[in-house]
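A.B. asks: Okay, here's what each chain looks like letter by letter:
There are 2 protein chains.
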Amino acid sequence: MIVLRQHLGDALRRRRTGQGRTLREVSSAARVSLGYLSEVERGQKEPSSELLGAICGALNLPLSVLLRDVGDDVALAELAAEPPPARRRDVVAAA
Amino acid sequence: MIVLRQHLGDALRRRRTGQGRTLREVSSAARVSLGYLSEVERGQKEPSSELLGAICGALNLPLSVLLRDVGDDVALAELAAEPPPARRRDVVAAA
Numbered sequence: 001m002i003v004l005r006q007h008l009g010d011a012l013r014r015r016r017t018g019q020g021r022t023l024r025e026v027s028s029a030a031r032v033s034l035g036y037l038s039e040v041e042r043g044q045k046e047p048s049s050e051l052l053g054a055i056c057g058a059l060n061l062p063l064s065v066l067l068r069d070v071g072d073d074v075a076l077a078e079l080a081a082e083p084p085p086a087r088r089r090d091v092v093a094a095a
Numbered sequence: 096m097i098v099l100r101q102h103l104g105d106a107l108r109r110r111r112t113g114q115g116r117t118l119r120e121v122s123s124a125a126r127v128s129l130g131y132l133s134e135v136e137r138g139q140k141e142p143s144s145e146l147l148g149a150i151c152g153a154l155n156l157p158l159s160v161l162l163r164d165v166g167d168d169v170a171l172a173e174l175a176a177e178p179p180p181a182r183r184r185d186v187v188a189a190a
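Chains as they are written, first to last, in my numbering: chain A, 1 to 95; chain B, 96 to 190.
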């Protein structure tokens, strides 16, 4: 099963490192503990909506943009997890 | 502040009612309690990634599609929350 918090954590970490910022800087700007932010980025903690808002604020990242990042990531994971389409086998069987 | 769980709940409810299904049907298919699903839809509970996956499964809704729904919704809320651009006032002042 695709686990949202893992994709969310990956997307947050990509945005933070893309800005060349440390966990310490962003956790301090978001007023969350460094350990907590690190756990969120590693997909080990589910951030509440309020804490996610604070982290996005610290990254100057609109929540809608983060959701697009995560949605694209999850769409790729869904494609990778999908079994090959049945139609494909039908075509081969009919050939 | 934009609160993700409220937009998530709205999007889940829209998808469920769009399928003409009841809270009872979907909560039973997702193996979550009816009260829990109702609280999630009203934006009162943060669903864990696992329970969100189960609810999406019960709705036959890929998580990526739900995230797109929610992202579009949040983008509109961000636009509505934005103060009028400063440029606009400059143009008036300069006229």
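Be aware that one or more of the hints could be misleading.
What the hints assert, rightly or not - Here are the simulated EDC-like pairs of lysine to aspartate or glutamate, each with C-alpha atoms no more than 20 Å apart in a straight line: (1) Lys-140(B) - Glu-50(A); (2) Lys-45(A) - Asp-105(B); (3) Lys-140(B) - Asp-105(B); (4) Lys-45(A) - Glu-145(B); (5) Lys-140(B) - Asp-10(A).
The set of hints was computed from the structure by calculation and includes no laboratory data.
A.B. asks: Each hint: holds or not?
C.D. replies: Taking the hints in turn, this is what the structure says about them:
1. Lys-140(B) - Glu-50(A): Cα-Cα ~12 Å, so holds.
2. Lys-45(A) - Asp-105(B): Cα-Cα ~23 Å, so violated.
3. Lys-140(B) - Asp-105(B): Holds, at roughly 12 Å.
4. Lys-45(A) - Glu-145(B): Holds. Lys-45(A) to Glu-145(B) sits at ~12 Å (cutoff 20 Å).
5. Lys-140(B) - Asp-10(A): violated (23 Å)
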